[in-house]
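Chemist: Protein chains in written order, with my numbering: chain A, 1 to 261; chain B, 1001 to 1318; chain C, 2001 to 2287.
Hints may contain errors.
[Claimed, not checked] Counterexamples of contact, computed for chain C against chain B with all Cβ distances above 12 Å:
{"#": "1", "residue": "2068"}
{"#": "2", "residue": "2098"}
{"#": "3", "residue": "2115"}
{"#": "4", "residue": "2150"}
[Unchecked claim] Which bits of chain B does chain A cover? Going by a derived footprint, with three or more residues having C-beta under 8 Å, they are:
{"#": "5", "segment": "1121-1134"}
{"#": "6", "segment": "1186-1194"}
{"#": "7", "segment": "1198-1206"}
No lab work stands behind these hints: they were computed from the structure. Virtual Cβ for every residue (Gly too), placed ideally from N, Cα, C.
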Amino acid sequence: MALLSTSKVSLAFAGVRALVDIDLQIEEGELLGIIGPNGSGKSTLFNVLSGIYRVDQGSIEFRGQRIERCGAAQIVRSGMARTFQNKRLFGTMSVLENVLVAALKGAQGSALGDVLGLKSSARARTKAAEIADRCLALTGLADSTHLIARDLPYGAQNRLELARALALEPTLLLLDEPAAGLNPSERAELQELIRRIHGEGVTIALVEHDVRMVTGLCARAIVLDHGEKIADGASSMVVRDPRVQAAYFGEVESGEGTHAI
Amino acid sequence: MTTSEVLRRWWVGAAVLAALLAFPAFAPRYIVHIANFILIYTLPVIGLGFLTGFTGRVSLAQGALFGVGAYTTALLTTKFGWTPIATFFPSVLMTVVLAVALGGAAVRLAGLYFVMATIGIQQIVWIVLMNWIDLTNGPQGVRSIPAIGLGDYRLETPQKFYFLTLAVAVISYILAKRVIGSRLGLYLRALSDDQLAASSVAVEVGRAKVTALALSAAWAGAGGFLYAHYVRYVHPDMFGLEASVLYLVMSMFGGYRSIAGMVLATGLLESATEYLRPFGEFRMIAYGMILLLGMMFFPKGILTIVRRRTSARTAGKT
Amino acid sequence: MFDQLLIGGLATGCIYAVVGLGFTLVYRTLRMVNFAQGQVFMVGAFLGLSIAQRVHLPVLPLLFVVGAVAFALGMVLERLVFRRLYHNHEVFVVGSIGLGIVLTNAVRVFFPEPVPFPKVFGSHVVQIGTARFQEAYFWVVVSTLVLVVLLHAMFAYTRGGRALRAVAADAEIAGTVGVNVNRAIALTFGLSFAVAAIAGVLIGPLYFVSFDMGDMVGLKAFSAAVFGGINSIPGTILGGLVIGVLENLAGGYISSAYKDLVAFVILLIMLIWRPTGLLGRDTPVKV
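Chain A extracted, bound-state conformation:
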């Protein structure tokens, strides 16, 4: 059984069809790429999977449970985490605190326990701090723990967003354009980081504009265009598919500046 599968998922906003009859499977342990021109519905798909949008039609199953009616916090607790395309950090909080909020998911004890100084709560806080430290070390932010999130340079904010998602110890990680705005050496670092995370057993779905990164990391890829899935298969094959080329070709014409296939 696939880790996550959707069946005929559709969503429309004010008459615009954002997602049309999406059937997709994500197998446990894979690194799936999701590509498509701007506005094809990639981020909307993630919003639907992570419970931020409710589907108009269709069903979503994750780890054997139906989740299309679940709220975001609930879905996160069942093992799915995501990053956002426009970084959504907790701007006034420190780097460590940003990750700590996530690391406290499912922790023992309670706020009351914290206030009263109960041992169970303190132990849970320590454990969460350990998780946070690990994620920050992995993403190269171990030296910046006390800096305030909104004061970080762009690349660091990117990594913080990733660290925070990792602290949720997800089974499935949805990465929404994590390479956006990074220079080539940062991209290479990110690619390496994603490979490492994948190596630790996390299933990853990666939305990316950088097609080379997708073919480099992902064995399999799906392609969205105007809300529909137009291709699904080995990533090296998919990018050579004439329909996929046609979908992107229009973008290069209009000078969007995406990487050439």
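Model the placement of chains B and C on the given structure of chain A, informed by the hints.
Modeler: Structure of chains B and C alone, referenced to chain A:
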């Protein structure tokens, strides 16, 4: 922190504590009286701080909630003969229950709508206090509220009451700092920064907001309890919109996430109001100007401006 | 009794509606609530009083003069004060409350006691059905009607009015098509002050005027606007009339003590059930 820094903190703390304890022996009665009010008001102000600074919500109902605490204890002691100390918990509980009942559904609303709802709550409570004459005596208020006491010893003078208010204020401060240092504090700051992101990292946003509301009510109720047994007379006009605005200003002026700042602001503003009291309407005009100019030029409180500059420098950005 | 309560309620309802319009105009343009609106209403009443006590003006010129002065005041205050409060809702709310306190107490210095207002509407007693009331009530309703029609005409048919509507709908886009957005905002404030002040003059002859008359009226007009839809002009008017009538009926049939409760209970219920109000549309409000 290094050992010498910790030691220094302890010395400063001890010195401050000693000064605070010795204070009523040296200060004139009137000043002690003001100090009592300042200490009492830190409770509703800190309570409000849970909502404003940490949850990003403005409430204009704190005056009414303060009044609920005050009236609960006033009525239990005068009408039903309870001893004052026994009414502390019921007063706080009543305030919390009322706040969550009336405002629990509203706290999920967008910021501006929540403010509007709290105005509604404030007015409803005030109108009921004013008009439910059988229960509250309406415009006559409740008189002859007994003083708090242990056995035969009664806290009937400002100097004696001072030690109670000081103790309560210190406990409230410590407790508040522990609350915001707890995971709830993290969750509240997170959801006030970005609610969507917070729920995407498994924060139960709705529950956290209601908890913040309950905490703000608990602090308000406790403050009301103290107030009623200090002035020993309550009247609805003490708990109207003006009071709510006053607490809001004190809460916002100290720097929106600084408990110490709120205490400082309470001290400053209450002293200012007292100092200006002989000037009647001009006092109120000055007060209104403080509000207006404060919001125009220091919208995030004075202390946060200082903090922000220090932090940005550390991150190497400015 | 019903007729009496109904007519009385309609008159106060008109006042809530007009003052409420001030809230709505500012909210539509800025998504902020000006809590000094009730005090502007009060200032208008005293302005009218001061003029009427010295100069014998007929009603229309009096309303016009008061409206014009308030309009100018609104524009000046926008420039000097309100403009610096746009940071966020909370700052604007507290700042405008501060302004309201200054206005209330500034007036209090000159008029510490309630003062009767000259009967500029005449003192005939009219009878409709079983209801007898001063002709002033009648004039309040008529003036409100005329005011609403004039406003509607302005918004629909004049270029200035259309510009204001454009800025209310989307200030950024309006700016790109050449509308002077800052001036439009200033004009909106001027307008909101003018209507509130006019309402103050209208209500003056019916009761005494006092420095604190703006407090409750402001809050109830606000409730009316939220009830009807704070971004909808017809909604606010409807809200004002409904609250005015309902509270009068409640006062007459249930108890006069809890009359004031009506507006605020309606406010609270409305916010929980349907924050955009009866006729309001869903505008994106920052959470």
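Chemist: Hints the structure violates: just list their numbers, smallest first.
Modeler: 2, 5
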